[in-house]
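Asks: Spelled out, the chains give:
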Amino acid sequence: MADLTFESPITKSYPAGSGDLTLSDISHTAKVLVRADVDSPAAQTLAVGFGSLRTEGETIVSGSRPDEWMILGTAEGVASIAGSLDTNGHVSVIDWTHGRAMFRLTGQAASSVLEKVCSLDFSDNMTPDGAVVSASVAKVSCDLARNDVSGSPSYLVLCDRSFGQYIFDTIVDAGTEFTISANA
Amino acid sequence: MSPASSSRLPEQDGEVIDRSSKVRFTWNGKNHSGFKGDTIASALAANGVKVFSRSMKYHRPRGLLTADFLDPNGFVQVDDDPNVRSGHRLVEPGMNVSAQNAWPSLNRDIKAANGLAKRFLSAGFYYKTFMKPQKLWPYYEKVLATFAPGGKVDLDTPHGYHDKRYAHPDVVVAGGGPAGMQSAISAAETGASVILVEHDHQLGGHLRWGNSDDLAALADLRSKVAGFENIEVLTNSTVTGRYEDNWVAIVQRNHPLAVERLIKARAKSLVVAAGLVERPYVFAGNDKPGVMLSGAARRLINMYGVKPGERAVVFTANADGDALVDDLTRVGIEVAAVVDARSGGNIVEAKGGPKSVTAVVLGDGSTVKADLLLTATGWTAPTSLLNMTGDRPAYDAATARFFPVAPPDNVLVTGGIAGDGSLDVMLEHAAETGRLAAGRAATMAHQFQSMTARAADMQGETPAFPNDDRTALPRDEHPALFRSTTHGIVDYSEDVSSKDLISAAKEGYDSVELIKRYTTATMGPAQGKLETVNTVAVLAEHRGETIAEVGTTVWRPPFAPITLGALGGRIFEPERVSSIHGWHEQHGMVPILAGQWIRPEHYGDAAAEVRNVRNNVGIIDVTPLGKLDLQGPDVPKLLNHLYTNKWSKLAVGSVRYGMMCAEDGVVLDDGVTGHLGDDHYLMTTTSSGAGTIWEWAENWLQTEHPDWQVHVTPVTTAYVSINVAGPSSRELVGRLCDDVDLDPETFKYMQVRQGTVAGVADCIMWRIGFTGELSYEIHVPAGHGLHVWETLMDTGKDLGIGAFGLEAQRIMRLEKGHFIVGQDTDGLTKAPTVQMDMLLKTDKEDFAGKAELVWSMDPGVRASLPVLVGLQTTDPAVVPEEACQIVVPGTNEILGRVTSSRMSPTLSRSICLGQVHPSVAAPGTKVTIQLVDGNRVTAMVMEHHAHFDHEGERLRG
Chain Z
4 MADLTFESPI
14 TKSYPAGSGD
24 LTLSDISHTA
34 KVLVRADVDS
44 PAAQTLAVGF
54 GSLRTEGETI
64 VSGSRPDEWM
74 ILGTAEGVAS
84 IAGSLDTNGH
94 VSVIDWTHGR
104 AMFRLTGQAA
114 SSVLEKVCSL
124 DFSDNMTPDG
134 AVVSASVAKV
144 SCDLARNDVS
154 GSPSYLVLCD
164 RSFGQYIFDT
174 IVDAGTEFTI
184 SANA
Chain D
210 MSPASSSRLP
220 EQDGEVIDRS
230 SKVRFTWNGK
240 NHSGFKGDTI
250 ASALAANGVK
260 VFSRSMKYHR
270 PRGLLTADFL
280 DPNGFVQVDD
290 DPNVRSGHRL
300 VEPGMNVSAQ
310 NAWPSLNRDI
320 KAANGLAKRF
330 LSAGFYYKTF
340 MKPQKLWPYY
350 EKVLATFAPG
360 GKVDLDTPHG
370 YHDKRYAHPD
380 VVVAGGGPAG
390 MQSAISAAET
400 GASVILVEHD
410 HQLGGHLRWG
420 NSDDLAALAD
430 LRSKVAGFEN
440 IEVLTNSTVT
450 GRYEDNWVAI
460 VQRNHPLAVE
470 RLIKARAKSL
480 VVAAGLVERP
490 YVFAGNDKPG
500 VMLSGAARRL
510 INMYGVKPGE
520 RAVVFTANAD
530 GDALVDDLTR
540 VGIEVAAVVD
550 ARSGGNIVEA
560 KGGPKSVTAV
570 VLGDGSTVKA
580 DLLLTATGWT
590 APTSLLNMTG
600 DRPAYDAATA
610 RFFPVAPPDN
620 VLVTGGIAGD
630 GSLDVMLEHA
640 AETGRLAAGR
650 AATMAHQFQS
660 MTARAADMQG
670 ETPAFPNDDR
680 TALPRDEHPA
690 LFRSTTHGIV
700 DYSEDVSSKD
710 LISAAKEGYD
720 SVELIKRYTT
730 ATMGPAQGKL
740 ETVNTVAVLA
750 EHRGETIAEV
760 GTTVWRPPFA
770 PITLGALGGR
780 IFEPERVSSI
790 HGWHEQHGMV
800 PILAGQWIRP
810 EHYGDAAAEV
820 RNVRNNVGII
830 DVTPLGKLDL
840 QGPDVPKLLN
850 HLYTNKWSKL
860 AVGSVRYGMM
870 CAEDGVVLDD
880 GVTGHLGDDH
890 YLMTTTSSGA
900 GTIWEWAENW
910 LQTEHPDWQV
920 HVTPVTTAYV
930 SINVAGPSSR
940 ELVGRLCDDV
950 DLDPETFKYM
960 QVRQGTVAGV
970 ADCIMWRIGF
980 TGELSYEIHV
990 PAGHGLHVWE
1000 TLMDTGKDLG
1010 IGAFGLEAQR
1020 IMRLEKGHFI
1030 VGQDTDGLTK
1040 APTVQMDMLL
1050 KTDKEDFAGK
1060 AELVWSMDPG
1070 VRASLPVLVG
1080 LQTTDPAVVP
1090 EEACQIVVPG
1100 TNEILGRVTS
1110 SRMSPTLSRS
1120 ICLGQVHPSV
1130 AAPGTKVTIQ
1140 LVDGNRVTAM
1150 VMEHHAHFDH
1160 EGERLRG
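Protein chains in written order, with this note's numbering: chain Z, 4 to 187; chain D, 210 to 1166.
Hints in this document: simulated from the structure, not taken from any laboratory.
Glycine residues also receive a C-beta, built at the ideal position from the N, C-alpha and C atoms.
Mixed in with the good hints, there may be bad ones.
To be verified - To be clear about the criterion: a stretch of chain D counts as covered by chain Z if any three or more of its residues have a C-beta under 8 Å from a C-beta of chain Z, and this derived list gives those stretches: (1) 363–377; (2) 659–665; (3) 778–784; (4) 836–842; (5) 979–992.
Work out the full structure: start from the sequences and follow the hints.
Replies: Structure below.
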């Protein structure tokens, strides 16, 4: 078996920055898409509604659509939850690890950065920690999830892999006025 | 050296200039200086400059009128920036400022001769003159172009950094005067998030040039505003438009990084506190340098420490004019006369040379020598933002201005637009307004939260929407002063006089809408804020009606002119690239934009790439190929419904080609779908059709067949797709794949397998071939795509491997006669046209497009449909351009067109596909093609679409 490294969609390098605002490429994160009816046993196991996420250790289960969930995390963590699903009935489990680019934007100015590329209301009331949304980010359809880290506002941004470099560059550009650090 | 700054006054209490920081600049090539904080206008005025511009049509010398953002006489060129408002732009070191619309110089402008032809250049003259003879129109165009005002645009000007941002504040306050500031403070005190927008450089409005009490109040308000973290202050910014549901556009000009930033704010409440605009008075000579509004003089004196003149006549009708007299006296300007309109006084003419007022003729016939004539004759409410809400402000004759009537509940009005009163009264009203705005915003915020699944859990019931219980502001009576007993300029920017307006009305343009458009009055850069009421008043006077009866035009966005840069903002142009993109760049690809994808068109020689594939082996990155993962027991039902052919019996491991039609029978897309496993299929679509077909499938499932158990998931970029094509492709793939038997008897054409390629598991391999060669299309999990690509290139060196691009692929597919949806078909092409009847299974149950398909296959109908045919020109060296028309010889009657055309390296001749009328579609028919250069060539209709290996021996090998 060849010694394979996951090739990220982010191929550029960026100068090191300072400050608490960071954008990190975590496209290698394992991602599984589950499609199932909302009242199915699989949905009961996933145990999170549309528009929200829950965490199970380092694994995130997010309700990205009314009948669609994403499981994000390490390969082992994701496989554990995906493998526990009752797939009787009409349930699809698709490996989306390679198909989605994924980034984490963290820092006090994170929502200010997103406000430059996305028209959603990122106030704490409307998009609190644990909220999951789908929106246009710089004219690309993306999934966003707020998943605060150590008290700092933090957002996961997922998009079609082919847009990955463009979205990453666009967020870095938007974050320039807040001295963003890009980690790719 | 700049002239002595004889017009600079000693330090003033409220001045905004920094006298410790000198700023040097040039004006019309001569050196001048000012201080940091000066506007260009105030710095020039301090240097004794009186003439700033020439009027648009008659090139009359013009001086400052308002000395602020709206000044119609202060437009200048600053380096390569035209039409700069000198009453607003701050001086910066090294600026080169010059006058516009004057030649050869501001002082000696030849075009002032236009004044001699005044009677031929009245408003609307271009509708009556420069019409005949028609053949002279190109000359007339040049003449009329000389009347166009404005500065010079340098096409090489670097594009500044413009930006964009979204915002969702509770309250936006438009206007940073005292009322605006107090509203913001009171709203913020309740916890609301507030954006306070002021188009001048400082908050404060009229308090900035007021007396010591005003300045003290200003300091207090500024301090309070600064104390709130939840008030975002944007100075030198403008609320340019209010749209449905309080979508508010704000142009921010004080951003540290961006030239301009457009803020698209969804405000729960909008407070309009735009203040009042001082209105000019219309009289003879009112556009002479030295005639200005009272506010202009007070701003120059109090904010910039500039003496506007030496000896003044003041025509006043209100307390601001009275305060002006105090200011003039305080700084040593002789007040030669105060003419009070409240006691019947009037002025009729400003006399003097073209460069300055020298005397003023009063209503009583007396003449007073003066170099400064200052008027304080009333106010216009800039109700534009309220017009944009749908409100039609009404005229109040007693106060001689317009007031809002009924803006929507989420728009509140305060300050001068709402009424009058002492500063304390105005601030109390503003405070009530701020609290009301915040209260209503809180109700809306609660409602919005309740509408989304993701919002935080709400506490308690939605608060009731607060009623508007504010105490209305009083309205102070004001004399209705619009035009004196003489005629003068009404619209300074457009050079429209009251005589012009009356003349237009007499010609029949006597409604406010017509007179505006015919004369262009109110269509200048001030957008009517200085001119509208006077225009309406003149028209009303002519018609013998009241201003209320005549009415006004409707203000539309923007509130103030907006640059294209601000509207353009940050340009988001999404780009899509595959995982192999970096390799393509490093190996000399010539890129082509295919939709949003950047793809290799070729790597230097497309013809060589074709030959290499035909003789050896080549690989192409086809990642953009649309791919949809289909899972569920009812997938065959979906396939039968979307495609025109049959799918129920497609075995696991098999692939089938299909065509899709829209409900009007037009060809929508085509592609292959493979049966991967139990209830699991992979559909491919055209690259450009990937999104469309996904939505098409979801639409049917969600609206017509929600009972079908099918999940459709787009996986286009989850895989890097590599097509390995050529006689040696099997050999090459075989070297990298151990767990799939590639024997042609085992893995036949139009079959699919899953296996490991170059050590990467879970690859999907089809045996299909768009190029017409033996080929394998390998879909690799995208995170290992580059590895597989490079391994193929490495492993295939001895086989003569080479990468090939889109152009080579297009040539080869054309050689093979494979049509491309959207290239060889268009939005009207019905399925029978493409001559693939074996795909049209109208004996199926109902499917998308069936009814139209059945109709179009009726022989009577089909006889009128174009036919897709292969074509070869008689001269093999001629390659007709795509879209060339096929015509009846000797006529211009069109019989069809060339849809695809290339020079074939394989056949060493040109080859085409085209759509033709059925009457010329028979093989062997000669047709005539009109080339782009007008020449005509002949071509023959071929028996097959394929020009090469039409039996498919190479493909199926």
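Asks: How does the region 778–784 of chain D fare against chain Z when you require at least three residues with a CB closer than 8 Å, holds or violated?
Replies: holds (count 5)
Asks: State whether the coverage of the region 363–377 of chain D by chain Z holds or is violated, taking the criterion as 3 or more residues with Cβ-Cβ distances under 8 Å.
Replies: holds (count 6)
Asks: At least three residues with a C-beta closer than 8 Å to a C-beta of chain Z: is that true for the region 979–992 of chain D?
Replies: holds (count 3)
Asks: Count residues of the region 836–842 of chain D with a Cβ under 8 Å from any Cβ of chain Z, then say if the count reaches three.
Replies: Answer holds; 4 residues pass the 8 Å Cβ test.
Asks: Quick check: do three or more residues in the region 659–665 of chain D have a beta carbon closer than 8 Å to a beta carbon of chain Z?
Replies: Contact hint for the region 659–665 of chain D vs chain Z: holds, 5 residues under 8 Å.
Consistency note: the structure conflicts with none of the earlier hints.
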